[in-house]
Amino acid sequence: PAGRASASLLLDRGALAAGRPDGYDWRHAHQAVTNGYDAVLTDVKAGGLEPPSFEDVCDVAAPAAACAEACLESRFRARDGFERCSDGARAAFLLAPDLVKACLTPETPCYECVASCGVAAESCRPVRVARSSG
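Residue numbers are given in the working numbering: position 92 of the sequence shown equals residue 111, and the series is strictly consecutive.
Just to be clear, a hint being listed does not mean it is correct.
Stated by the list, open to error - Have a look at the derived ranges for each label pair, beta carbon to beta carbon:
#, residue 1, residue 2, range
1, 128, 33, 18 to 24 Å
2, 33, 65, 22 to 28 Å
3, 50, 113, 30 to 36 Å
4, 58, 135, 28 to 34 Å
5, 82, 125, 31 to 37 Å
6, 126, 99, 23 to 29 Å
7, 42, 100, 41 to 47 Å
8, 99, 33, 31 to 37 Å
9, 109, 51, 18 to 24 Å
10, 62, 89, 25 to 31 Å
11, 47, 135, 22 to 28 Å
12, 42, 96, 36 to 42 Å
Since the hints were made in silico from the structure, they are not lab data. By construction, the Cβ of each residue, glycine as well, lies at the ideal position given by its N, Cα and C atoms.
When you get a sec, could you build the whole thing from the sequences and use the hints?
Structure (structure tokens):
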């Protein structure tokens, strides 16, 4: 199974609630990521945060994970200068925050592309949360 946090984040439309705290609201989680993305990215680039990790990570079926990352990666690679990145989905999280936010925002082409991927969580587990060093 794919275990990438990016696919788990992109695909989460409520189907990944198993193993998460009661009252988990994926819409609120997406909005929180979108609202705080720029500040966290600035901290990451300045070395103020450990490599990101999430309170809960879900392993999703590999075809769904590959599909979701392809939605993001194809849009990222279409931008000038990014067609040769070895991992376009990972690079997009650092170099194209507007694109990642669009993939988490309803009624955008990237969001709809990800929604077409379908998802079935194979397992969810708690992990360490990144903390600011400053």
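Okay, the hints, checked on the actual structure:
| no. | hint | result |
| --- | --- | --- |
| 1 | 128 with 33: 18 to 24 Å | holds, 21 Å |
| 2 | 33 with 65: 22 to 28 Å | violated, 34 Å |
| 3 | 50 with 113: 30 to 36 Å | violated, 21 Å |
| 4 | 58 with 135: 28 to 34 Å | holds, 31 Å |
| 5 | 82 with 125: 31 to 37 Å | violated, 23 Å |
| 6 | 126 with 99: 23 to 29 Å | holds, 26 Å |
| 7 | 42 with 100: 41 to 47 Å | holds, 42 Å |
| 8 | 99 with 33: 31 to 37 Å | holds, 36 Å |
| 9 | 109 with 51: 18 to 24 Å | holds, 21 Å |
| 10 | 62 with 89: 25 to 31 Å | holds, 29 Å |
| 11 | 47 with 135: 22 to 28 Å | holds, 23 Å |
| 12 | 42 with 96: 36 to 42 Å | holds, 38 Å |
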